[in-house]
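**Q** These are the residues of each chain, in order.
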Amino acid sequence: EDQVTQSPEALRLQEGESSSLNCSYTVSGLRGLFWYRQDPGKGPEFLFTLYSAGEEKEKERLKATLTKKESFLHITAPKPEDSATYLCAVQREGGKLIFGQGTELSVKP
Amino acid sequence: DTGVSQDPRHKITKRGQNVTFRCDPISEHNRLYWYRQTLGQGPEFLTYFQNEAQLEKSRLLSDRFSAERPKGSFSTLEIQRTEQGDSAMYLCASTGGGEQYFGPGTRLTVT
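Note that the protein sequences, when read in sequence, are chains Z and A. In terms of the numbering used here, the first sequence opens at residue 970 and continues consecutively. In terms of the numbering used here, the second sequence opens at residue 10 and continues consecutively.
Treat the hints with care, since some could be wrong.
Said to hold, decoys possible - In silico DSS-like links for lysine-lysine, alpha-carbon gap of 27 Å or less:
hint	chain 1	residue 1	chain 2	residue 2
1	A	K20	Z	K1011
2	Z	K1077	Z	K1028
3	Z	K1011	Z	K1077
4	Z	K1028	Z	K1011
5	Z	K1048	Z	K1011
6	Z	K1048	Z	K1037
7	Z	K1011	A	K66
8	Z	K1026	Z	K1048
9	A	K23	Z	K1011
As the list claims (entries may be wrong) - Coverage of chain Z stretches by chain A, computed from C-beta distances (three or more under 8 Å per stretch; other residues unrestricted):
hint	stretch
10	1010-1018
11	1055-1064
12	1067-1075
Everything labelled a hint here was simulated from the structure, so no lab data went into it. Predicted, not measured: the structure shown is a model, and the values here were computed from it. We put the beta carbon where it would ideally sit given N, CA and C, even for glycine.
With the sequences and hints as input, model every part of the structure.
**A** The following block contains the structure:
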C-alpha cells in the first residue's frame, strides 16, 4: 500500500537557524513527488515537483531533494514568514496525490 | 486568471441536511480533483474528473457523496444526509497535466 510519512510533525526554529524536513515514501510506480506549503485556513500552495532520484530544485530559501526512498526540504536561514505547514505528496496513476500528514514549521524572530 | 475558486468558503449545517459545494478550476485545465482534509492531517483523495468524465472514486466516497462536472468546466460535490464525521475542509484542485493547483477550500461544520 502507498504510504507517505513526514517527520518531524512539528519543528520550531529561531530565525536564521537552518534545518531539514523529511518525507519518506513507499509507492509502486512513482510519477512524481510534490511539496506544498499550507497556511492556516487556506488551500495548499505548490512549491516543487521532483521526478527522479538525484533531482534537486530551489526556490528562495527552500531546496528540495529526492532519493529512491525519501525527499528532503532544506530551509536555509528561515524567516518568520516561512512559518506554515509543509506537505509532501506522491503522485499515482490518474494523477491523484497521496499526502503525508505534514510538518508544522514555526520560525520565531 | 485568478486560479481555482471554491464556493462557499464556509458552511455550517445540521446533521441530516444536504449540502453542495462548487469548484471553478483554472480555465484551460482538463483535470479536476476533490480532496478532504481534517485537522492535523494531509488532504485525502476523493475523486477526479478528466473533462466531464469521472474516472476514479476513493473508497472514502460513500454513496452519500456525489460529484459532477457538467460540460467539463465547474464541478459540484454534494453530500446527502450529512453526518458529524463529514466535518472537514473540502479542497478542489485542477491541473493541465503537471502540478495540481488548489483552491482555498470549503470548511464544512456539521452540528
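**Q** Now, for every hint given, state plainly whether the structure supports it.
**A** Evaluated hints:
1. A/K20 with Z/K1011: This hinted pair holds, its Cα atoms lying about 15 Å apart.
2. Z/K1077 with Z/K1028: With Cα atoms ~21 Å apart, Z/K1077 and Z/K1028 stay inside 27 Å; holds.
3. Z/K1011 with Z/K1077: 21 Å, holds
4. Z/K1028 with Z/K1011: Holds, at roughly 21 Å.
5. Z/K1048 with Z/K1011: 20 Å, holds
6. Z/K1048 with Z/K1037: At roughly 30 Å apart (the allowed maximum being 27 Å), Z/K1037 and Z/K1048 break the hint.
7. Z/K1011 with A/K66: 24 Å, holds
8. Z/K1026 with Z/K1048: 20 Å, holds
9. A/K23 with Z/K1011: Measuring from Cα to Cα gives roughly 24 Å; hence the hint holds.
10. 1010-1018: Satisfied; 7 residues make the cut.
11. 1055-1064: The restraint on the stretch 1055-1064 of chain Z holds, since 4 of its residues have a Cβ under 8 Å from chain A and three suffice.
12. 1067-1075: This one holds; 5 residues, not fewer than the three required, reach chain A with a Cβ under 8 Å.
The earlier numbered hint that this structure contradicts is number 6, and it is the only one.
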